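Use the sequences and the hints to build the structure in full.
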Amino acid sequence: MIVYGDYECPFCAALEARLHALALRVAFRHFPVRSSHPRAHASACAAEAAGLQGAFWPFHDALFADQGRLEDPHLWDRAERLGLDVARFDADRRSEAVAARVREDFRGGLRAGVATTPTLFVDGHPHAGRPTPELWRSLGALEPPSG
Amino acid sequence: MPVIAAGTPAPEFTLRRADGTAFTRADLLGHRTLLVFYPFAFSPVCTDQLSLYEEVREDFAEHGLTLYGVSCDAGYSQTAFREQLGVTIEQLSDFEPKGAACEAFGVLHPAGFPQRALVLVGADGVVEWSYEGATPGELPGANLIFDALAA
Numbered sequence: 001m002i003v004y005g006d007y008e009c010p011f012c013a014a015l016e017a018r019l020h021a022l023a024l025r026v027a028f029r030h031f032p033v034r035s036s037h038p039r040a041h042a043s044a045c046a047a048e049a050a051g052l053q054g055a056f057w058p059f060h061d062a063l064f065a066d067q068g069r070l071e072d073p074h075l076w077d078r079a080e081r082l083g084l085d086v087a088r089f090d091a092d093r094r095s096e097a098v099a100a101r102v103r104e105d106f107r108g109g110l111r112a113g114v115a116t117t118p119t120l121f122v123d124g125h126p127h128a129g130r131p132t133p134e135l136w137r138s139l140g141a142l143e144p145p146s147g
Numbered sequence: 001m002p003v004i005a006a007g008t009p010a011p012e013f014t015l016r017r018a019d020g021t022a023f024t025r026a027d028l029l030g031h032r033t034l035l036v037f038y039p040f041a042f043s044p045v046c047t048d049q050l051s052l053y054e055e056v057r058e059d060f061a062e063h064g065l066t067l068y069g070v071s072c073d074a075g076y077s078q079t080a081f082r083e084q085l086g087v088t089i090e091q092l093s094d095f096e097p098k099g100a101a102c103e104a105f106g107v108l109h110p111a112g113f114p115q116r117a118l119v120l121v122g123a124d125g126v127v128e129w130s131y132e133g134a135t136p137g138e139l140p141g142a143n144l145i146f147d148a149l150a151a
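Chains A and B, in that order, are what the protein sequence lines are.
No gaps in the numbering here: position 116 of the first sequence is 116 in my numbering, and each next residue is one more.
No gaps in the numbering here: position 103 of the second sequence is 103 in my numbering, and each next residue is one more.
Rather than coming from a laboratory, the hints here were simulated on the basis of the structure.
The structure presented is a predicted model; accordingly, all values stated were derived computationally and were not measured.
All C-beta atoms in this analysis are idealised placements derived from N, C-alpha and C, irrespective of residue type, glycine included.
Just so you know, not all the hints are guaranteed correct.
Output of the computed footprint for chain A on chain B, the stretches with three or more beta carbons under 8 Å from beta carbons of chain A [unchecked claim]:
(1) 52-59
(2) 84-91
(3) 135-147
Listed below in structure tokens is the structure:
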């Protein structure tokens with residue numbers, strides 16, 4: 001399953017919490033819309049920068065766990081708590097390579113017709129917005145990934 | 001009446017810019033224009049729609065395309081909406097006679113607001129492409145616009 005989301009979107013955080021309980025294999029793609037969520041882009045770049053030090057998912061979880069704290073000092077604090085090299089993290093999150101990575105996700109989402117967050121693709125089929133009870137039921141019925 | 005079809009010349013109409021001046025068919029000529037009809041300022045889906053299009057405004061500009069948001073809201077409401085969203089897409093008001101331009105483009109919902117629709121008008125004033133969402137809650141992705149521009 002693929003999830004297009006942004007770290008400042010409350011519905012994405014709620015989705016994330018429920019997905020955790022399902023033990024599904026999830027690919028997360030960044031879809032930050034700056035005018036709606038001013039810190040979404042910076043947060044996406046921070047997660048990618050953490051990923052360069054092998055900590056994408058812990059950082060991702062830490063962002064969704066506390067959406068009220070997404071300013072720069074909060075990002076540095078997360079990096080420090082995860083034991084990352086903070087200076088390197090800070091340089092990376094502002095780098096063109098990381099920005100390009102986030103942009104690539106966003107453009108890919110646009111091409112796939114993503115127009116709002118969260119948007120889920122389950123077996124290639126898009127589901128925009130908050131998942132319906134029917135979708136949750138079908139997700140619950142999916143087999144957990146093996147191996 | 002369904003949304004105006006590709007190949008049809010754009011109708012005569014008058015919309016109002018934020019400063020109260022008229023925006024008419026003549027303003028469509030000489031460049032490609034996308035009219036983004038949305039039901040109401042501040043309704044949640046429209047918010048995402050205009051924010052999304054704003055993200056790719058430069059890509060639209062590369063295609064020589066100018067976007068306008070169109071609704072039946074008063075110009076002051078549209079300006080407040082635009083400023084709150086932080087979007088630069090100019091807003092055009094179909095406030096009085098209410099819905100007349102929307103009617104001319106075939107997008108006026110019976111309940112008195114525009115359907116969520118997109119109308120791409122070529123430099124010659126002829127509609128190149130149009131799209132109407134199945135429901136006002138459906139948000140047309142930017143991919144539809146890029147596909148139309150490339151067609």
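Verification of the supplied hints:
1. 52-59: holds (count 4)
2. 84-91: As far as the region 84-91 of chain B goes, the hint holds, because 3 residues have Cβ atoms under 8 Å from chain A.
3. 135-147: Since 7 is at least three, the answer is holds.
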